[in-house]
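Protein chains: 2
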Amino acid sequence: MTATPAYDALATTWTRLHRLGHLQSIAGWDQSANMPPKGNEARAAAMAEMAALLHGIVTDPALAARLQAAEAEPLDEPRRANLREMRRRWRAANVLPTDLVERQQMATARCEHAWRTQREANDWAGLVPKLKEVVALAREEAALLSDTLGVSRYEALMDRYEPGLTTAQVDRVFGELRQWLPGLIRKVVERQSRETVLVPQGPFARDAQRRLCEETMRLLGFDFDAGRLDVSTHPFCGGVPEDVRLTTRFRDDEFLGSLMGTVHETGHARYEQNLPREWLGQPLAEARSMAIHESQSLSFEMQLGCHPGFVAGMAPRIAAAFGEQPAFAPANLQKLLTRVKPGFIRVDADEVSYPAHVILRYEIERPLVEGEIEVEDIPALWDAKMAELLGVDTRGNFKDGPMQDVHWPLGLIGYFPCYSLGAMYAAQWFAAMRRGMPDLDARIAAGELAPVFDWLRDNIWTQASRWSTDELARRASGEVLNPAHFRAHLEARYLG
Amino acid sequence: MTATPAYDALATTWTRLHRLGHLQSIAGWDQSANMPPKGNEARAAAMAEMAALLHGIVTDPALAARLQAAEAEPLDEPRRANLREMRRRWRAANVLPTDLVERQQMATARCEHAWRTQREANDWAGLVPKLKEVVALAREEAALLSDTLGVSRYEALMDRYEPGLTTAQVDRVFGELRQWLPGLIRKVVERQSRETVLVPQGPFARDAQRRLCEETMRLLGFDFDAGRLDVSTHPFCGGVPEDVRLTTRFRDDEFLGSLMGTVHETGHARYEQNLPREWLGQPLAEARSMAIHESQSLSFEMQLGCHPGFVAGMAPRIAAAFGEQPAFAPANLQKLLTRVKPGFIRVDADEVSYPAHVILRYEIERPLVEGEIEVEDIPALWDAKMAELLGVDTRGNFKDGPMQDVHWPLGLIGYFPCYSLGAMYAAQWFAAMRRGMPDLDARIAAGELAPVFDWLRDNIWTQASRWSTDELARRASGEVLNPAHFRAHLEARYLG
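So the protein lines, in turn, are chains X and F. One rule links them: number in the working numbering = place in the first sequence (from 1) + 7. One rule links them: number in the working numbering = place in the second sequence (from 1) + 7.
Any given hint could turn out to be false.
Note that identical chains are pooled: a pair holds if it fits in a single copy or bridges any two copies.
Capping the alpha-carbon separation at 20 Å, the derived lysine to aspartate or glutamate pairs in EDC-like fashion look like this [unchecked claim]: (1) K342 <-> D355; (2) K348 <-> D477; (3) K45 <-> D230.
In case anyone wonders, no lab produced these hints; they're calculated from the structure. Computed from a predicted model, the values in this text were never measured in an experiment.
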């Protein structure tokens, strides 16, 4: 009856993975949002059992022949794209020997555990041996992946998060940024030093904060019939496309962090909620990549959320939530949201200095993986680059320096570039929108957000993994990643 | 090295079932407590996939030989008990042909779906054909189980919930109850007709209700580091022993229902939280049976929760939660909690008339499964037994008569007796406690609840599935189920 038996069998396997993965995702969300401390051990065992089960399904020896047979079957374009994505996932799961995966799990667990206390103690020397272990295993993994994919070792690691991304592309983009970013940061800081900004006066009732976050999520099109907002220590967007679980955290003395964090996660959430329903369960229906995912959260947080027209619309809502304050005037809120202040910490960085943190990490982790430098060389490089890019002195401050992120202890090497590529893609999407809708800014100022969502839905969300990232960008905006849009965005917003 | 390779392999299998079942339990709780409506379809598919997976593990053909080999291995007493429980679960999963299970799933889903609207419409005639289908399949299942277990058909169905329970035992116990219960109900109603009871005046803030419930759970020893309280439409005790998830529901105009429901579920919860940790994951560490589980919730709700000494201790807490009211006087609260009023609905029934509802259902579903009566015969029997046992007229009122419970549409036949056996066991446990601690009531009145919890922990909770129900009862209280304790309890509380 069917002309594509191998493909169909693979599709059934992936539906099964999707269904079992659903329980894993919900339990993962629960772990962060609900689980009491004594549930931890049993949950960890359950999650590990499920991870092993899913790994067993993707490494079933029968899949190799089935993938090969499916290549020869008469598949239409989306099915062929789906098969390409299946093979990507299959390769990722099958190329690494089990003992390497296990050694990595142990080394990263040990390193992350040590990092938690050593970071507090500023104990870089203590972390070095454990981090060297993690890096050695990352190099081992990179070498294996690099042979299979025919790319460089660092590219092989980036490929796990951003398929097909090359160091040539990152070098081109970051190289360009490097030319004008430090100067731009200095200029903006100088200019803002003459401004007065009022700080909102707390406390801000958590109930009111929660209501404001939910109201804002509704405004941004989040579907509460297909998702929730809860609280967790580290905000994230989890769950499954059919039931997206956002989290945020509240402080009594400050509300903008939670509000803008929620706006950020809502961008991730709308991507997930609008992946193509008819393909859900298949790799084709998954989000394209981490840089594209980040381009959605940053489209919401930076392009839209810090847009003067949007901020003006939020001002009365904020006043309604907490009572009138001079600090809630639209112009003052806008200043609060676009304050540029070079600092030590990446996650606290503003939109303008953020890429400097990422460029620095890229320029360290790439040679580290390629074997050109060693873990011991990191602090000196860190200090030099922080001085050069952001003009801050980090010498001896490991805690707020190379020990600040959990990524390296966890072996998440090759991920950092995605953050800034996402910011650049977001600027590129909005530039493309403006070309098609010259009155876009006026419409946003009028509270008309549908044009933004429609564009993102048509060009990004529903396209999921159908195209490569470059092809997706070309179809959406007429060109591959072009950092000129990001530069134009920053100059217009901060020097305009 | 090991002398019990078959047993050890089985134990590994059951640990795996426990771990994967953990995710199923948490997702099941989430479904009731959190899930937004559009998540339903994907969740149902995920749950079905997991159920199929777990079923596949227990029906792995290798298990039969392994169980047989393990019988011949040198096992100590708890391991032998564990093996017995493994075999029970294996038999339950393997004795039914897949096509029967599938036909049952379809028939009960259809019947339950129809029941939801037909119940509202009082449409018994409309339900009959679908209920006949469900009963026909239950008879088919009962016949297969009965052949395997060597017991009667109805016993085979009860065995799924209360292993080893015989109709001789139920007949003996319910037959005895039948002698004195209707007279007792009449006497209590007559006596209470002369009493004045004050009804608490609402509204009762939900936040205050939640805090009172949590405070009461703490008082009852619930470990909030190993569990939570949330809200769902139908309260239940879910989650896993390591992380117990209770739910309740709140009404603005009434708080006692939610409070006592929480006390009830806390009884279930403490059983789960105190199952033997060192055996968790093995069948031996699971709760003994549904009647024993119900004996814990009713020990908490009825024996302890409605104990005058406990109620007196609750009175100031209730007043602190909602403000002083004359209705919160201990004696009045006690009257509210022990009000006897024969009615149509089982779930709304008081402690005294509740068993009448169960006896009636037992006397209908037993002959129904044995083929002695048909679905069409139910209403006439129902009306006659309601008149005889409770003195109420249910003619023509199917909605509040045989259509009130979801059990039969779902094929849950053989479960009802557990509710009343649980109430009787609870009375028997407290009678045994009083024999060992003649000052028990004084200690409860002094707010000293530890002796109750210690007794239940030592005699019930930590014993889990180590013994048969009869042996558990004998070890705990010196005798198998003896309804005299329940009678004495009711007479002391309601006629004393």
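Hint check results:
Taking CA atoms no more than 20 Å apart as the test, K342 paired with D355 passes inside one copy only; the shortest distance there is 16 Å, against 60 Å between copies. When the C-alpha separation of K348 and D477 is checked against a cutoff of 20 Å, the pair qualifies neither within a copy, at 33 Å, nor between copies, at 73 Å. Taking the shortest Cα distances, K45 and D230 sit within 20 Å of each other only across copies (9 Å), while inside one copy they are farther apart (33 Å).
Consistency with the previously given hints fails for number 2 only.
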